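Visitor: Once you know that position 260 of the sequence shown is 266 in my numbering, the rest is easy, because the numbers rise by one and skip nothing.
It is worth saying that the hints were derived from the structure and are not from the lab.
It should be emphasised that the depicted structure is a prediction, and the values quoted were computed from it without experimental measurement.
Wrong hints could be hidden among the right ones.
[Stated by the list, open to error] The calculated lysine-lysine pairs, modelled on BS3-like cross-linking and capped at a C-alpha distance of 30 Å, are:
| # | residue 1 | residue 2 |
| --- | --- | --- |
| 1 | Lys234 | Lys302 |
| 2 | Lys325 | Lys364 |
| 3 | Lys364 | Lys302 |
| 4 | Lys242 | Lys166 |
| 5 | Lys442 | Lys325 |
| 6 | Lys242 | Lys285 |
| 7 | Lys139 | Lys357 |
| 8 | Lys325 | Lys225 |
| 9 | Lys357 | Lys302 |
[To be verified] FRET-style restraints, in silico, Cβ to Cβ:
| # | residue 1 | residue 2 | range |
| --- | --- | --- | --- |
| 10 | Glu150 | Gly399 | 12 to 22 Å |
| 11 | Ser304 | Asp346 | 41 to 51 Å |
| 12 | Gly156 | Gly236 | 31 to 41 Å |
| 13 | Asp346 | Glu223 | 18 to 28 Å |
| 14 | Thr271 | Glu223 | 33 to 43 Å |
| 15 | Glu300 | Thr388 | 19 to 29 Å |
| 16 | Gly144 | Gly236 | 52 to 62 Å |
| 17 | Glu391 | Met427 | 18 to 28 Å |
| 18 | Ala384 | Gly144 | 38 to 48 Å |
| 19 | Val446 | Gly247 | 36 to 46 Å |
| 20 | Val444 | Gly399 | 16 to 26 Å |
Note that the Cβ used here is the ideal one computed from N, Cα and C, for glycine as well.
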Amino acid sequence: MLRDASGKLVMTKGWKAFFIIMAILMISAIIVLSVFLGISKSQEEKWMANSEYNYENAYYTLTDSLLNMENGLSKLRVARSENLVNEMLIEVAMNSQTAVANLTTLSYSGYDMSSVIKYCNQVGDYCKYLAQKIATGGTITEEERNNLDGLYQSTYKLAKSLGEVKESLVAGNKIVEGIGKLNVGFVNVATGLVDGTIEYPSLIYDGAFSDSLAEKEVKGLSGEDISKDGQEDYIKRILSGQDVSSVEFITENNNGFDSYMYQVTLADGNIASVQIAKKGGAIVMWDTSFDSQEPKLSVEEGVVLAEQYMANQGYTDMKGVYACVTDGILFVNMCYMQDDIVIYPDMIKIKVSLDDGKIVGFEGLNYIHNHTERTIAAPSVTEGEVRNMDFGGLSVSSIRLALIPMPNGSEILTYEVFGSMDNYNFYVFVDAQTGKQVKVMQIIDSDEGELLM
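Using the sequences plus the hints, can you model the full thing?
Guide: See the structure below:
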């Protein structure tokens, strides 16, 4: 895709030809792969009907979404009319959501897209935050405009790197190998954005320490290795409440630890993707497609269902610490509790449909990487002393003990002070041994979001 004289994105004949060629190559590659794996004719047809469409559609839609994000952020650099700016911000946010949805699909192809997903989520939520600010009578500051410019530069790098992957697909004529190059190009750019190698403005958008994979060592896996075969009953238990028709093993992955990928067909025709660890069979992640309906349950009821699901799957002492609703889906961050201390590194994310109360998604990478029983020294500073500290104009709502991850990979015990000021929510973390403030976070919530304290 190119830009015309006005800066708009246009599809050239070359790109149209590219899409046609890639569709043909996708079919050919799947047939070759089917023969190589010894897949039966019926399995081959299922694979082609599901995987081909899902991955191909996700890949091309992702490209369009990133280009639209880049284009919108570029135009925001010169737009000054509040109505126009608000419209552009919402458009960028919507495209970021589309990008995240398609990145999640590509994750199930065996490639870790977590850093790209995090970046796109943060871009979208920052734009929603600014749009909400304008809608309530506020104005965008010069600093916020500089932030948008930085996001444009970063998104441009992402879109460009994805374009280079497409070029490699055309040159190599192999869709599988081409997608594999995402890890050495596209994903590396996003990893730089997230770990600070490439600077960009960041905000906490889905709860404190929602991504704390600072430790590369995998601490939360135990038990004997399991076989990839014979896991149908276990997967049905994982997909509690879902009516499962069939389970098919897809591939084995290694993203720091060995895991198995499965594609599950549900009775209603929807597809679920399930990933479990080879060591001990721990749930890594799972997600299912479904039609979102009008919510019938409250946030509180959804959190209870998430906690019940965790207990049924063998995860004890887990508590919902943050929840946010998007399009009728409740996203709950569950944290491990040790001696009434919130252990933020040991987090699991759960998706609950507020229509029928079914669990529709699970992501446990933080827990797998970080979970272990810890020896935690008693605090030297009392809660009363913290309550009497100066937090400026912050109206303190609650204080509790929390173990938090630090940038150097260490963990420290803190008092988590939650409060609000000027209609914004803040976390202030106070070292429980020294009494010094070690971290401050501003939480950007949607109108439907809700903090659970």
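Visitor: The structure should be examined with respect to each hint, and the outcome stated for every one.
Guide: Here is what the structure says about each hint:
| no. | hint | verdict |
| --- | --- | --- |
| 1 | Lys234 with Lys302 | violated, 38 Å |
| 2 | Lys325 with Lys364 | holds, 18 Å |
| 3 | Lys364 with Lys302 | holds, 12 Å |
| 4 | Lys242 with Lys166 | violated, 41 Å |
| 5 | Lys442 with Lys325 | holds, 27 Å |
| 6 | Lys242 with Lys285 | holds, 19 Å |
| 7 | Lys139 with Lys357 | holds, 28 Å |
| 8 | Lys325 with Lys225 | holds, 20 Å |
| 9 | Lys357 with Lys302 | holds, 15 Å |
| 10 | Glu150 with Gly399: 12 to 22 Å | holds, 21 Å |
| 11 | Ser304 with Asp346: 41 to 51 Å | violated, 26 Å |
| 12 | Gly156 with Gly236: 31 to 41 Å | violated, 50 Å |
| 13 | Asp346 with Glu223: 18 to 28 Å | holds, 26 Å |
| 14 | Thr271 with Glu223: 33 to 43 Å | holds, 36 Å |
| 15 | Glu300 with Thr388: 19 to 29 Å | violated, 47 Å |
| 16 | Gly144 with Gly236: 52 to 62 Å | holds, 58 Å |
| 17 | Glu391 with Met427: 18 to 28 Å | holds, 21 Å |
| 18 | Ala384 with Gly144: 38 to 48 Å | holds, 44 Å |
| 19 | Val446 with Gly247: 36 to 46 Å | holds, 39 Å |
| 20 | Val444 with Gly399: 16 to 26 Å | holds, 20 Å |
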